[in-house]
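**Q** I would like the entire structure built from these sequences, with the hints used as guidance.
Here the protein sequences line up with chains A and B, keeping their order.
Quick note: the first sequence uses the working numbering, first residue 56, plus one each step.
Quick note: the second sequence uses the working numbering, first residue 321, plus one each step.
Since the hints were derived computationally from the structure, they do not count as laboratory data.
Be aware that a few hints might be false.
[As the list claims (entries may be wrong)] Taking CB as the label site, the calculated pair distances span: (1) B:325 to A:66: 44 to 54 Å; (2) A:248 to B:379: 15 to 25 Å; (3) B:324 to A:240: 24 to 34 Å; (4) A:155 to B:324: 39 to 49 Å; (5) B:359 to A:266: 54 to 64 Å.
The beta-carbon is built from N, C-alpha and C at its ideal position, and this holds for glycine as well.
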Amino acid sequence: MLSEEETRRYARQTLLFGEEGQEKLKRSSVFIAGAGGLGSAIAFYMAAAGFGRIRIVDCDAVDLSNLNRQILHAQIDLGRAKALSAYDALSGINPEIEVEAVVERISQDNIKELLQGCDLIMDGMDNFPVRYLLNRAALESERPLFHGAISGYQGQATTIIPGRTACLSCLFPRAPPPATFPALGSTCGVIGSIEVTEAVKYVTGKGRLLENRLLLWDGLDSRLEEMAYEPNASCRECSDVSAKAVGFTQIGQR
Amino acid sequence: MMVSLPDGSRKEMAQERASIEEILRMLDINPEEVIVAKNGRIVPEDETAGGCDELKIVRFVHGG
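**A** Take a look at the structure:
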């Protein structure tokens with residue numbers, strides 16, 4: 056049940072999916088991997104939209120070179136842990152939700168524990184090795200993974216639903232070589248917003264998700280393109296797991 | 321076979337059928353940095369292409 060204040064706060068989006076949809080968002084618990092450029096856009100919009108519990112994880116501290124794009128953090132946060140700065144920003148924008156800040160590096164050893172109690176996995180990472188950990192955890196726990204990545208004016212997004220779609224390793228079997236990437240805040244905004252829109256649709260059961268579809272954003276050409284993909288029968292990650300994940304139901308359909 | 325390259329240019333390749341991996345090698349493109357769509361659908365590197373197929377090679381990104 057929404058409080059009177061929540062009813063007012065979310066009035067413009069209950070026009071889209073009703074109080075019932077808003078209550079589904081309120082009951083949802085999300086894991087946001089990273090409080091950088093993508094993580095900032097994701098976290099702000101998820102907090103504002105009223106996802107009930109947000110756990111945001113990042114091991115880094117705020118640096119001046121982050122502030123062109125990492126809008127969770129301000130000048131006053133320089134040197135603070137990004138997760139703690141994120142906690143303040145998100146609690147400030149929406150005190151109705153629960154925010155949990157975790158200052159840790161996501162690894163093979165802690166990922167299961169970090170994901171405990173979370174229904175959705177949001178990819179705000181800046182590297183593929185950790186994305187593969189998120190992908191494997193998503194497959195094993197049958198949680199949806201909302202993928203996004205950026206570089207300069209370019210970005211991409213897709214939605215991985217274990218048991219229903221290909222996994223991240225089907226699509227990107229090998230990590231690209233590590234490199235320093237250029238980053239524009241507005242590109243993080245475009246891709247992070249797409250990831251959040253996907254999560255809202257997933258939870259409220261509205262629309263058509265980016266299932267087995269990779270959305271590519273080219274900001275230089277102002278163009279969005281879509282490419283279809285499908286499960287890879289020889290995928291090292293999901294070829295054996297997907298068969299086990301048949302009984303999966305959307306949170307929004309519970 | 322018409323091939324769209326990551327820089328947006330297009331190139332006609334006349335050749336026997338070959339695997340995506342071999343085609344990328346001929347074009348001097350590192351397969352770790354791209355995804356390849358054949359006739360609009362992303363395919364693995366061991367898939368073959370030729371004839372009237374349309375390939376689109378896209379550099380994917382990894383930052384956040």
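**Q** Between residue 248 of chain A and residue 379 of chain B, is the Cβ distance one that fits in 15 to 25 Å?
**A** For residue 248 of chain A and residue 379 of chain B the Cβ distance comes to about 22 Å; the hint holds.
**Q** Do residue 324 of chain B and residue 240 of chain A keep their Cβ atoms within the hinted range of 24 to 34 Å?
**A** Because 29 Å falls inside the window, the suggested range holds.
**Q** For the range 44 to 54 Å, tell me whether the beta carbons of residue 325 of chain B and residue 66 of chain A fit it or not.
**A** Given about 49 Å between the Cβ atoms, the range holds.
**Q** For residue 359 of chain B and residue 266 of chain A, compare the CB-CB distance with the range 54 to 64 Å and indicate the outcome.
**A** Violated - the Cβ-Cβ distance for residue 359 of chain B and residue 266 of chain A, about 20 Å, lies outside 54 to 64 Å.
**Q** May I ask you to test the hint 39 to 49 Å on the CB atoms belonging to residue 155 of chain A and residue 324 of chain B?
**A** Given range 39 to 49 Å: holds, Cβ gap about 45 Å.
Of the numbered hints listed earlier, the single one contradicted by the structure is hint 5.
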